[in-house]
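Enquirer: Going down the list, the sequences are from chains A and B. Using the working numbering, read the first sequence as starting at 1 and increasing by one per residue. Using the working numbering, read the second sequence as starting at 1001 and increasing by one per residue.
These are calculated hints, taken from the structure and not from any lab test. Hints may be right or wrong, so weigh each one.
Listed next, the stretches of chain A that the computed footprint assigns to chain B, with coverage defined by at least 3 CB atoms under 8 Å from CB atoms of chain B [claimed, not checked]: (1) 105-116; (2) 476-489; (3) 526-537; (4) 589-603; (5) 887-896.
Anything over 10 Å on all C-beta distances counts as not near chain B; from chain A, calculated [said to hold, decoys possible]: (6) Thr80; (7) Thr523; (8) His543.
Ideal Cβ positions, reconstructed from N, Cα and C, are used throughout, including at glycine.
Below, each chain spelled out in residue letters.
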Amino acid sequence: MPQGSSSPSVRPREHWRSLEQLADTPEARSFLEREFPVGASELPEGIDRRSLVQLLGASLALAGLTGCRKPVENIVPYVTPPEELVPGMPRQYATTMPFGLGGYGLLVESHEGRPTKIEGNELHPATAGSASALMQASILGLYDPDRSTQPLQKAAGAAAPEKKTWADFVAAWKALEGDLVAAGGAGLAVLLPPAASPTLFRIVAALRQRFPGLLLAAWEPVHEGNAIAGAALLAGRPLRPSYDLGAARVVVSLDADLFLGEQDAVANARGFAAGRRLATEKDEMNRLWVVESAFTTTGGMADHRLALPSGRVGAVALALAQALGVPGVAGAGEVPGVPEKWLAALVKDLQANPGRGLVVAGRDQPAAVHALALAINTALGNLGTTVTLREPADVLLPSPADLAALAAALQGGSVSTLVVVGGNPAYDAPADLKLAAALAKVKNVLHLGHAVDETAALAHWHLPEAHFLEAWGDCRSSDGTASVVQPLIEPLFGGKSAIELLGLLATGEDKAGYDLVRETWQTLLAAGDVPGAFDGAFNKVLHDGLLAGSAAPAVTVAPAPLAPEALAGLAAAAATGIELVFRPSSAVHDGRFANLGWLQEMPDAVTKITWGNAALLGVQTAKKLGLANEDGVRLTAGGATVELPAWIVPGQAEDTVVVHLGYGRRAAGRAGTGVGVDVYPLRTSAAPGFVAGATLAKSGGRHPIAQTQDHGAMEGRPIVREASLAEWRHEPHFAAEMVEMPQSEPLWEQHQYDKGPQWGMAIDLNACTGCNACLIACQSENNVPIVGHEQVRRGREMHWLRVDRYFSGTPEQPEMVFQPMPCQQCENAPCEQVCPVAATTHTEDGLNAMVYNRCIGTRYCANNCPYKVRRFNFFNFTKDTPELLKMAANPDVTVRSRGVMEKCTYCVQRIQSARIDAKMAERPLADGDVRTACQQTCPTQAITFGDITDPKSRVNERKQNSRNYVLLAELGNKPRTSYLARIRNPHPELAEG
Amino acid sequence: MRRTHYALALVLLSLSGCARGCTSSRPPIHLNPNMDVQPRYEPQAGSAFFYDGAAMRPPVPGTVARGELRDLVNEAPYWTGKDTAGAFVASVPLEVTDAVRERGRQRYDIYCATCHDKGGDGKGILFERGKVPTPSFHIDRLRQMPDGQIFDTVTNGLGLMPSYRYPIPVADRWAIIVHLRALQARRLERMGGAAPVQAAVPEAAPAAETPSPQVTP
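Generate the whole structure from the sequences, applying the supplied hints.
Expert: Next up, the structure:
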């Protein structure tokens, strides 16, 4: 029981993991008590189609007898070795991942010419050395065994497509282009995702010049169009806003998932966490106010959160603007669901911090709300400090209007040649446009895509697209910083990039991407005539990963008062029926990552659902409809109906249903096909973000959902510790003092770990947003396998680092805390004491070492681990790994077979590598030489790792923090990993007594 | 009786397996795989995927790795042995310290002494056994050759001498040249001759050399 005898002022908070745990049902209790749930040790019954993934590895045949002899391994050296490359020593290349309307600067580790691990580029403003889960997992896209391997042509009337070559396609295009040029481009249409790329922009301009009658639409299902249109409403022309959360003391999110869903999530999270580092009690802390419908990780970080339907957020923005005295705003009444006191406190907070506040509207909010948010920021003086507006340079802006015009032209039969450059419009285009059907009317559909997906099935020519890790290109991030995308390997399947295809169309010449990019950068760099100057400047850009100083200058705007018509629809409308909210999945985004197994198995940050989506409902809404978790529901909107499992999310706004896009794919490969339910049929172009008037009905079926939230829960003990800022300042050591340590001496002499280096880790719960980037980074670095839907239901997910999510408060208005849980590397490890074969031992530098080939699989260590961080290979999950996926494995880490335990090793391969480097350079290890994968990728730098015997190391600094506490310290196992308690910063007027 | 038959059969079977001393062209029997061969690509491994059967891939031409940036405008002599006009540089563009001299001696003995021998007379072990026609370094032509041209020879090869750009990093190539010059100077001193003036500008640079990385071919 938590004693808390010396901290009566810290309000005790009871944390719960799920509604079942709260209700304390017998099932929930038995699930908690067993380390491996009932049936975990039993063989699966019927193997269903979806188990194909784990069947890739899960072989029930006896091991080894199929090939009794030692396999022959050849030594294959380089014929012409590259200069200064030592086999076994990885190199790093700076490149950029184009995504959305920008790109993320990455540093990709390459082993002997093959990319194996993605990290953030510390020099690039969009990532500053971190990488999100999507960025980390994108390497699997390169090694996707189901990607297209060659061009395919489906002649009219043919049953199946024929395999062709790129040269065949070029010849086919040459046959087409004569007529198109003669017609001035009439009949030619291009559909491509919006992008910010100098080369692509230049080539599209050339294309328009060659074909004046061209119909071009830039569109993708999740885009930034509303934010830019909002800026246009205010400033008269499209401008891109970018945010600096580090400069903000008060951040207000109007339905914006700042830390996971928005384009600049990584930079936002980093800036925000910098404002709540709390190294000492005297430090200032920022405050986050969130108004949202779904419960997002941003809502979890909030100090004050209101759950409202997304349709009502506009009214809140109007009320806020009026209260702040924004010119031209009037007529805002009281908003149902928003307490007067809450809004008043928010207004006060913003007014108390002029120039240091920030109001951000979510991507799906209409342009008027974005305009209001910008107007509020302008009125508060935030423009130039926390919000910067810039001219979009080299940007193909998203335009739903162009897409609608294109669809109309397709329906009307005026398009003879449609070129779809990336994207998957047959799957994700708005349902009312009926694009998939319209494609049948086009004589020539040319598709450039990653895999033979839903759109390729309807195309006459399908061309494999080169992944960004194997192609040349360039990118501008959201603040305009220009960078080059450089390939780390030659295209594995001869794929072509978008610029190469469009370059061929625009000029008739088949030019390599390298030449196209260099052509663009001749003008960008303007290096002068000195021989070698351009090469030198270009090589510097390739080396650094960006062109220094290329950020677009800030634009000062004289804001026009908003037109009353624009604001008319925002006043609170009467609630009619259920509001359906569409959100991109944090795992597969809009569906493009469906075949990346790591992402499918990554638990959704809040719901912890893997391998699929669900209709997320609020507590009372579900109760009203009599729905329990996993019940089937029929959801109707936009003239279509889909059936989904229901899932109850504490804290979600009532009368809303949140569904995640990107699931239910029909042609995504072995991991993505048939996973989840496709909700795009419900999404129309009129209401792509949220739509009122949806209906929900119980369908009577049950759909099993694989989720991880109840696995490994720890009952009744203060696992996450949090307090308010005032409470912490009053009782700085509340966290460590929540538990009474037993007054007893150890029975035997304890091993003294005083000779450096001794490794330790500190995880700041105040910075962790629950984004799961660390989970994927660990999986990538340590060759952690995926297990599939069925095995996740049995609690056998293999993630070495899991992110636990706890709620506190009432189910309708809870708060959320995340806690990453790696192996705690206990000095007195309970697991070491029970291993019958000494397969887990302790190293001199404090690591709990796992010796895979000694393990016989008794699983006693996992049984004894109080943190439940040990994962067992129940099957050989890596047997029958496709050849391509073998390339994604880290050569420095063992790929484990069946029957062995595995767990976090503090990235021992990185520790050893740093030790070797230091030894060869004849210097001692310095703080920062070793960075674990999770630490390196965390966008908020929540994880710190280093030598605890070094008094000046950053990890020691964190451990000296008064918020520091160790989990389950009363057990006496002395973990090396400690946590820093979570602090919330409620507004004094709203703080509870 | 049957038990004895079974036991005898088992013993005979195990003995027939040729426990020791037999040769076989097949790999040994390995009953417990034990993660000895893992589904991952290791350095110098083979690959069933790539056309050349190799898991190691060459870097894509034109790319620049972190830490591998070469400033070919301001530091051309260091990386190529030539100045920006294309003429060989006369002397090593490095600060010559004792560490550099020692490194040069060590690397020379490793890479060069097999043909050129430790004293620089060209009578290394490969000359004796393989009859490679290595010249002695103690001739006027090689004493007068600018350092940059020697760098170029080491990097690109010349005649029967292969290119040494792959085993020897750039810094070590210059260190070796420092050592080579020291060998020449010491021999000259022993023979009592005067140090000749090195040719400042050569007649023509040798043609058909492989281009340095980071420059468009």
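Enquirer: If I take the minimum Cβ distance from A:Thr523 to any residue of chain B, is it greater than 10 Å?
Expert: holds, 17 Å
Enquirer: With a C-beta cutoff of 8 Å, work out whether three or more residues of the segment 589-603 of chain A approach chain B closely enough for the coverage to hold.
Expert: violated (count 0)
Enquirer: Is it correct that the beta-carbon of A:His543 has no partner in chain B closer than or equal to 10 Å?
Expert: violated, 4 Å
Enquirer: Please count how many residues of the segment 476-489 of chain A have a CB within 8 Å of a CB from chain B and say whether that reaches 3.
Expert: Check passed, 4 qualifying residues.
Enquirer: Verify this for me: three or more residues of the segment 887-896 of chain A with a beta carbon less than 8 Å from a beta carbon of chain B.
Expert: holds (count 7)
Enquirer: Is the claim that A:Thr80 lies outside the interface with chain B correct, judged by CB distances over 10 Å?
Expert: The claim is violated: A:Thr80 sits with its nearest Cβ about 7 Å from chain B, within 10 Å.
Enquirer: Can you confirm whether chain B covers the segment 526-537 of chain A, using C-beta to C-beta distances below 8 Å and requiring at least three such residues?
Expert: Result for this restraint: holds, n = 6.
Enquirer: Report holds or violated for chain B covering the segment 105-116 of chain A, Cβ cut-off 8 Å, minimum 3 residues.
Expert: It holds: at least three residues are needed, and the segment 105-116 of chain A offers 6 whose Cβ sits within less than 8 Å of chain B.
Checked against the numbered hints given earlier, this structure breaks hints 4, 6 and 8; the rest are met.
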